[in-house]
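Asks: Read off the chains here:
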Amino acid sequence: MTNWVEVCAADEIDEEDVIRFDHEGRTFAVYRSPDDQFFATDGLCTHEKIHLADGLVMDDIIECPKHNGRFSYKTGEAKGAPVCVNLKTYAVKVEAGSVFISLA
Amino acid sequence: MNATTTKRDYSLLGRDAQAAVESGLAAAEWYHTDIPRKQMKELMRREDGPAIRDTILWLASMVALGGFGILFWGSWWCVPFFLIYGVLYGSASDSRWHECGHGTAFKTRWMNDAVYEIACFMIMRNPVTWRWSHTRHHTDTVIVGRDPEIAVMRPPDLIRILLNFFGILDSSYAMIDMVRNAAGVISAEEKTFIPGQEQPRAIRIARIWLAIYIATSALAITMGSILPLMLIGLPRLYGAWHHVMTGLLQHGGLADNVIDHRLNSRSVYMNPVSRFIYWNMNYHVEHHMFPMVPYHALPQLHEMIKHDLPAPNTSIIDGYREMIPAFLRQLRNEDYFLKRELPPTAKPYRDEFQAEPIAAE
Chain W
1 MTNWVEVCAA DEIDEEDVIR FDHEGRTFAV YRSPDDQFFA TDGLCTHEKI
51 HLADGLVMDD IIECPKHNGR FSYKTGEAKG APVCVNLKTY AVKVEAGSVF
101 ISLA
Chain E
1 MNATTTKRDY SLLGRDAQAA VESGLAAAEW YHTDIPRKQM KELMRREDGP
51 AIRDTILWLA SMVALGGFGI LFWGSWWCVP FFLIYGVLYG SASDSRWHEC
101 GHGTAFKTRW MNDAVYEIAC FMIMRNPVTW RWSHTRHHTD TVIVGRDPEI
151 AVMRPPDLIR ILLNFFGILD SSYAMIDMVR NAAGVISAEE KTFIPGQEQP
201 RAIRIARIWL AIYIATSALA ITMGSILPLM LIGLPRLYGA WHHVMTGLLQ
251 HGGLADNVID HRLNSRSVYM NPVSRFIYWN MNYHVEHHMF PMVPYHALPQ
301 LHEMIKHDLP APNTSIIDGY REMIPAFLRQ LRNEDYFLKR ELPPTAKPYR
351 DEFQAEPIAA E
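As you go down the protein sequences, you meet chains W and E in turn.
Counting from 1, one number per residue, gives the positions in the first sequence under the working numbering.
Counting from 1, one number per residue, gives the positions in the second sequence under the working numbering.
Extracted from the complex, chain E is given alone in its bound form (with noise of 0.2 Å):
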C-alpha cells in the first residue's frame, strides 16, 4: 500500500466536492483542440437522416425479435431473439439516450425528445435526473466530488462491475430511485444538480414509469408467465452486457482531477455491430472535447483532430487489456492510472491539474 494514497470521497456533497470549487476544478476552462470555425460548423450540422434510419433499424428489430420471442416461448427457439431483443433494450438505449439527451441526434426537436424518452424508460433512467447528471458529467469529467456519472470509482468495486454486466445494481438502483421520486422525494444529492422547476416532472415521470412496471407484473401474475417481463423490464438486466462493457472504456483506469479529456477518456476503435448499439460513442475523447456533435459526425471528427490525441485503442479487447491490470493496480493503490501519451504531433499536456506524473505509467 503506498503511504501517500489518497482517499477519494465521491460524495456530491463530500470533502472533495468541497476542494474541487475551491482549486477552481469545478467548472474549469478544458482543453480543446483548434478546428476553424467553418469545418466545426459543418461538423456540427444536424440532419434527421441518420437518425431515422437508424431508429427504424433498432425498434423495428425490436419489433420483429421481440415477436419471434413470443412465438417460440416455451421452447429453446425463443433464447436468441430475446438475447439480441435484450440487447437491443438494454444497452442500445444507452447511447440512444445519450445521444438524444445531447439533443445532437436529429435535427427535429420532438424526435430527439421521443427517442429520448424511450430510451429512457428502458435505460431506466429518470429523463430529468439523467439530463441533469449528464451536464455535470459534461462539466466536471471525472472530477471526484462533482461527477455523479463516475463508472468506476477507486479503490474499483469488481464486483459491483461484474454484477453490472447483467444490471443488477443498477436497476436495483434505479428501481429504488423510482420508487423514491414517485413517493414525492427527491434526494440531498439529486438536488445539487436538477433546479427547482425541473423537480416535479421528475416526480411525474417516475409515477407514469412505476404505473407501467406495476401493470406489466400485474399481467405477468395474471398470464402466470414472465413473458411480459421479458419484453419490458428484465432486458435491462439480461442485455445490458454491452453498454456496460462498452461503457467502462470511457473513461475506466484513467485520470481523474484533470482538464484535459485527452487524460481522462479514451476512443476505442470497435465493429460495425458494436458502433451500430453504442451509436460511435467509441469516439469518446471527441465526444466530450465537442459535444455539439452528432454521433455519425463522429468518424468525421476523429479523423480531423487525431493527431492531436492519443493513439485509440485498436479493440474493444485491446482497451480491456489496458484496463482491467489498471483496476487491479488501483486496488492496491488508488493513485494509479493509466497515462495517455500524446503524439509529437499533439499539442502538450497543460501543467496545470494535469495528473501525478509519479502514480501513472
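If we strip away everything but chain W, and leave its shape as in the complex, we get (with noise of 0.2 Å):
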C-alpha cells in the first residue's frame, strides 16, 4: 500500500533546485526541475554521505556539493566518477498545492 507523506508547499522549491526533507529518521531530496515537474530520491549522496540538498541542480542533474558526483534526480543513475553508486528514487505527487512523496 502507497504511504504518501506530505513534504511542503509546491511554491516552497524553486524551480531547477532543490531541498531536504527528513522523515522518521530517513533524510531525503525532494527536487522541481526546470519544466516544473517534481521528483524525490534519497537525500545522501551514495559516495560519501553527503546531503545532496546542498548541491546544484542543472536541468535534470543534482551535483554533490562535496565531490561534485552528479546523478540524475529523475532516474537516480550515477553519472560518474566519483559516483559509482545510483541514487534510489521515489514517486512524487502534487495534490492541492502541495508535494508527496511515496515512502511504501
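Please keep in mind that the hints were generated in silico from the structure rather than gathered at the bench.
Please note: incorrect hints may appear among the correct ones.
With the C-beta cut set under 7 Å, the calculated list includes, among others, these residues of chain E facing chain W [claimed, not checked]:
1. His102
2. Arg131
3. Thr135
4. His138
5. Thr139
6. Gly196
7. Pro200
8. Met292
9. Leu331
Think of the CB as a built atom: it goes at the ideal place given N, C-alpha and C, for glycine as much as any other residue.
Since each chain comes alone in its own frame, lean on the hints to assemble the complex.
Replies: Below is the structure:
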C-alpha cells in the first residue's frame, strides 16, 4: 500500500532547485525541475553521505556539494566518478498545492 | 627537540590512517560559513564563457610560444619563449587539471573532460588516480594518514621541496607510476581510493601516455635534438616552479588533523598573472569550504565570507615570510604549526578535533 507523506507546499521549492526533507530518521532530497515537475531521491550522496540538498541542480542533474558527483535525479543514475552507486528514487505527486512522496 | 613531539605516519595504510578512522577525523563534518541558499546557487552557477576564454588564451599562447621556441631553436632567443611556454605547460596545467576535475570550470561536461585529460597529461597525473586522490583530499584535507595530497609532510623535507620547484622528484615518481600502471599494476595505496571498476581505465591511460613519451623520445633521437622533448615532457620540469610556488602556500605550515579549513588552508592575494596561471586557487580556504563554486566566482565568494575567515596573506612573498620560518621550526618540532587568527566577526573555531594551542604560535 502506498504511503504518501506530505513534504511541503509546491511553491516552497524553486524551479531547478532542491530541498532537504527529513522524515522518521530518514533524509530525502525533493527536486523541482526546470519544466516544473517534482522528483525525490534519497537525501545523501551514495559516495560519502553528503546531503544532496546543498548541491546544485542543473537540468535533470543533481551535483553533490562535496565532490561534485553527479546523478540524474529523475532516474537516480550515477553519472560517473566519483559516484558509482545509483540513488534510490521515490514517486512524487502534487495535490492541492502540496508535494507528497511515496515511502511505501 | 620537544619530548612529546608526535611522529606522524603519512602512509594511507598506516597507524595514523587507522587512528583517524577510529577517532572520527576521517570523513568528518567540516565547518562551513553560512551562506543563504539563493546566494549560494548564484555562486555555484556554471558558465562556459570564462573558461572558454581562458582556455583559448592558454592553448593559443602555448602554440605561439612553442612556435617561436622552435623558430629560434639553436639561439638564446628561444629561451624566453620556452620559459613562458614551460610555465603554461608545467604550471597552468596544474590548476586546469584541478578545476576541470571538480567539473566546475565549464558548464558543458565534455569541455571539462577534454581540458581535464589534456591538463592531466601535461602535469603527469593519471586522470583516474588523481581524480580519486583529490576526492580524498577534499574529504580529509590534511588529515594525516588519510590525505594522499599533503605536499609538505612533517618534518618538512626541504630538499624535496626545492627539487620539486623543477619538477624533479614529482615527475620521476610520475614516470615510475606511469610505467607501473602501464604494466597493469595498481599499488596497494592506490587501491585504497580508486574503486575497482575505475582501475582498468587508469591502466589504459598509462599505456597511451607511455606510447606518447616513447614516440616523442624516438623522434628526439631520430632528430638528434631534444627539441621534441622541450615541447612535450620537459616543460613539466622547467615550467613547474610556479605551480609549486603557489601550491605550497595552500596548506604549508598550517595545522593538520583539524576539521575546519580556516585552520589548515591559506588564502593569499596574488597578482593577476599568477591568478590566471593558478585559476584563482589563491582563494584556497574558500575553495575547500565550497568546492562547487567555479574558479571565476571565487573572488565574489571571498568578498561574501571574508568576515568569517582569517585575513588572507597580502602577497605570495608575505605567505612565504610566514611559511618558511614555520617549516624551519617544524624541523625541530613537527607539532609546530601556524595558528590562523580569526577576525572578531567570525564564528569561533569548534573545540572538537582542533589543533593543540600549545604547539601553535
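Asks: Hints first: check each against the structure and report whether it holds.
Replies: Evaluated hints:
1. His102: This hint holds: His102/E lies near chain W, its Cβ roughly 5 Å from the closest one there, short of 7 Å.
2. Arg131: Since the shortest Cβ distance to chain W is 6 Å, the answer is holds.
3. Thr135: Holds. Min distance 5 Å.
4. His138: It holds, given that the least Cβ distance between His138/E and chain W is near 6 Å, below 7 Å.
5. Thr139: holds, 6 Å
6. Gly196: violated, 10 Å
7. Pro200: With Cβ-Cβ at 13 Å, over 7 Å, it is violated.
8. Met292: This interface hint holds because 5 Å falls under the 7 Å limit.
9. Leu331: Result: violated, 34 Å to nearest chain W Cβ.
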